[in-house]
Amino acid sequence: MENLNDFLIPSLLIFFAGLAGVVLKKNLLVVLMCLELMLCGAMLALVSFSAAYNDMDGAVFAFFVMAVAASEVAVALAVVVQFFKIRRSVCADDVDTLSGE
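Going letter by letter, the sequence shown gives residues 215 to 315 in our numbering.
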């Protein structure tokens, strides 16, 4: 395997780009996409360490992270759709309660 830093630096950049999006953006759909970026950065780091140390534990754990990411997207998207039906907005500033009042 090549140098571990060749994979960890892009992993950190992807993770922190997602973190910046979660902190700075107001649109809930963009926030969800940024959360996915954070998970992808973490998965890249897991697979990088797994390959660097010739151990499959990190790669197996990355598959579990993918499964959690898929379920997170399904549930979060359903919540955002319901929120849009109630409030006609997907702005994170409007999230104080999910009731229609």
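Hints in this document: simulated from the structure, not taken from any laboratory.
Check before you lean on any hint, since a few could be wrong.
[To be verified] The calculated lysine to any residue pairs, modelled on SDA-like cross-linking and capped at a C-alpha distance of 25 Å, are: (1) Lys239 to Phe277; (2) Lys239 to Leu218; (3) Lys299 to Leu226; (4) Lys240 to Asp307; (5) Lys239 to Asp307; (6) Lys299 to Ala256; (7) Lys239 to Leu291; (8) Lys239 to Met270; (9) Lys240 to Asn219; (10) Lys239 to Glu250; (11) Lys240 to Phe263; (12) Lys299 to Val279; (13) Lys240 to Ala276; (14) Lys239 to Val295; (15) Lys299 to Val236; (16) Lys240 to Ile300; (17) Lys299 to Leu242; (18) Lys240 to Tyr267; (19) Lys239 to Val279; (20) Lys240 to Phe278; (21) Lys240 to Leu222; (22) Lys239 to Val274; (23) Lys240 to Val309.
[As the list claims (entries may be wrong)] Quick list of the computed label-pair ranges, beta carbon to beta carbon: (24) Val282 to Leu226: 28 to 38 Å; (25) Arg302 to Leu238: 32 to 42 Å; (26) Val274 to Met247: 42 to 52 Å; (27) Asn219 to Asp269: 30 to 40 Å; (28) Val295 to Leu222: 14 to 24 Å; (29) Val309 to Ala288: 32 to 42 Å; (30) Leu218 to Leu243: 16 to 26 Å; (31) Asp269 to Val244: 18 to 28 Å; (32) Met270 to Cys305: 36 to 46 Å; (33) Leu233 to Val274: 36 to 46 Å.
Glycine residues also receive a C-beta, built at the ideal position from the N, C-alpha and C atoms.
So, against the hints stated earlier in the document, which numbers end up violated here? 1, 2, 3, 6, 8, 9, 11, 12, 13, 18, 20, 21, 22, 24, 25, 26, 27, 28, 29, 30, 31, 33
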